[in-house]
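Going down the list, the sequences are from chains A and B. Take the first sequence: its position 227, counted from the start at 1, is 226 in numbering that gives the first Met the number 0, and no numbers get skipped. Take the second sequence: its position 105, counted from the start at 1, is 104 in numbering that gives the first Met the number 0, and no numbers get skipped.
Each hint can be trusted.
Stretch by stretch, here's where chain A covers chain B in the computed footprint (C-beta under 8 angstroms, at least three residues):
| no. | region |
| --- | --- |
| 1 | 102 to 109 |
| 2 | 292 to 301 |
Below, simulated BS3-like cross-link-like pairs (lysine-lysine); rule was C-alpha separation at most 30 angstroms, straight line:
| no. | chain 1 | residue 1 | chain 2 | residue 2 |
| --- | --- | --- | --- | --- |
| 3 | A | Lys-193 | A | Lys-104 |
| 4 | A | Lys-24 | A | Lys-196 |
| 5 | B | Lys-143 | A | Lys-104 |
| 6 | A | Lys-222 | A | Lys-241 |
| 7 | B | Lys-12 | B | Lys-54 |
| 8 | A | Lys-141 | A | Lys-49 |
| 9 | A | Lys-241 | B | Lys-221 |
| 10 | B | Lys-283 | A | Lys-241 |
| 11 | B | Lys-276 | A | Lys-218 |
| 12 | A | Lys-24 | A | Lys-218 |
| 13 | B | Lys-77 | B | Lys-54 |
| 14 | B | Lys-49 | A | Lys-237 |
| 15 | B | Lys-208 | B | Lys-221 |
| 16 | A | Lys-211 | B | Lys-291 |
| 17 | B | Lys-291 | A | Lys-222 |
| 18 | A | Lys-15 | B | Lys-291 |
| 19 | B | Lys-316 | B | Lys-221 |
| 20 | A | Lys-148 | B | Lys-181 |
| 21 | B | Lys-208 | A | Lys-222 |
What follows is a set of in silico ranges between Cβ atoms, one per label pair, in the way DEER data are often shown:
| no. | chain 1 | residue 1 | chain 2 | residue 2 | range |
| --- | --- | --- | --- | --- | --- |
| 22 | B | Ser-184 | A | Thr-90 | 36 to 44 angstroms |
| 23 | B | Ala-314 | A | Lys-148 | 55 to 63 angstroms |
| 24 | B | Gly-214 | A | Glu-143 | 30 to 38 angstroms |
| 25 | B | Glu-45 | A | Lys-1 | 47 to 55 angstroms |
| 26 | B | Arg-205 | A | Pro-215 | 23 to 31 angstroms |
| 27 | A | Thr-201 | B | Asp-40 | 43 to 51 angstroms |
| 28 | A | Thr-51 | B | Ala-314 | 52 to 60 angstroms |
| 29 | B | Ile-61 | A | Thr-28 | 54 to 62 angstroms |
| 30 | B | Asp-300 | A | Glu-88 | 46 to 54 angstroms |
| 31 | A | Lys-196 | B | Asp-300 | 52 to 60 angstroms |
Just so you know, these hints were derived from the structure itself, not from any lab. We put the CB at the ideal spot given by N, CA and C, even for glycine.
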Amino acid sequence: MKILVCISNVPDTTSKINFINNSSKFDLTGVQFIIGPYDDYALARAIELKETIPGTTVTVLNIGLVETEPTIRKALAIGADDAIRVNAEPTDSHFVASQISFHAKGFDLVLMGRESIDYNSGVVHAIVGEMLGVPSVSPVMKLELDGAKAKLEREIEGGKETLEVNLPLVAGCQEPIAEWKIPNMRGIMSARTKPLKVVEATAVEQTAVLKKFELPPAKVAVKMINADNVSELVTLLKTEAKVL
Amino acid sequence: MNILVFLESGEGKIRKLSFEAVSYAYAMGGTVTAIALGSIDKTELESLGKYGATKVLHVADIRLNQSVIQAFASVLSKAMINENADILVLANSSLGTPVAAKVATKINGSLATNVVELPNTTSGFVVKRSIYTGKAFAFVELTKSKKVLAIKKNAAEAKVVGGTAQVVAYSVALDESVFDTKITSTEKATGEVLLPEAEIVVSGGRGMKGPEHWGPLEELAKTLHAATGCSKPVSDMGWRPHHEHVGQTGVKVAPQLYIAIGISGAIQHLAGVNSSKCIVVINKDADAPFFKAADYGIVGDAFEIIPKLTEAFKAIK
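Chain A extracted, bound-state conformation:
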């Protein structure tokens, strides 16, 4: 079994988002980068499968510049066998999916998060599936393998679907597919020497161009209401906020 796990390198979920250069560039000041939280679930499930199915290998793929290597090394420390970094900025879904598709051929299972938490497109898995001509399912909360078949649970609005799909398969993952894994000291040591191949991006036709960023308007101060006077809240919601 060959598993490819695609990871994004994204700002920590507690990051304050700001832009510089006339709102054209993300402000890196004070921002910590992490493996995308959803990608982390995908990686954790891949490692679990590696531990239960003999002969399974897990390759990590990231599209990013050299700054993403600490994130890739962390994925190797968690238990992936080797890694590929496509040396390019992950500008948009179509570009990223094209790079993944180029490297995903020959893998039985291509896992990633349901979306990256920076651009939130939530479509890369579906585009990769389409480009490879294989099924794609997202967001997957449960993934069990039975030979060349996968049994999946997918979250839908207000419930879930159970699916049966033949491999190869692309899956966008989310909790509770697996518990996040924390690298141990041995993992961290061995990650330093695991193979990390750097390749240049394959040429892709551009379909979207980022023009600029914008922050939402600042929130006005909260209006406090006395706990003994909840009917005042109801009045304000009706007459001031006009949301009832």
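Go by the hints and put chain B onto chain A.
Just chain B now, with coordinates in the frame of chain A:
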């Protein structure tokens, strides 16, 4: 400009988010044709005329009563070509978003999801998307001649503008392989207001002290025709089902009114609610960070306040 709108349905009814999609397409200008898949009542389809669709294509193939994404994408991409559509509009959802991605890839078009307002076409075709889980927006120019837009809730208001749409039976040849992915079962909460579509959401956090205390909160939600949500710790502890988890890694909601009870307001929870029009926070801790993100706040005991609030809402009905 020809715009095709994909209508999502459940139990034979068109979903509300698809009305918004039709209104969005109508507001863009051009000819709006809607397309519905599976068994749906004709009068239900005709009613889409109200929101500005002139024609509704109906693919009444019973195999499409299940939301098989691959099959839906195949039908829509063929319909786009056959109908000479320039743009496909659909709603962001567990069905709409992957279908959008596959159609855009099949027709070699530009794709944008999480679109929050009408495109700006004064110079090129620029859409505004929500990014960083609602903490920012990006303006993106879509450069291909064919485009697929998946719109976020509230990108357009469902507005009545017309009358009855013409319903046309439509058939598309489907390769058997598009049904390779088998949906073996679907579990769905019935009769309740779905969280992602709700206009009012009432959420509870750890301050609710246990699943057995959810009754009054549910009563409040029922009074307001609201959906119930919860914080991550609450769903992690199994007090509430996972599909109720609102936040960065859960459901992102965009209601008119979000009422948070006993939720401290971790930044990951705020990321799931920051598109709400109005936020009410009820917490016994006056220093709870959630108050900073709220429009209205009450400091006090949730178990005393909830029943009083329910009564006050009932009183104005």
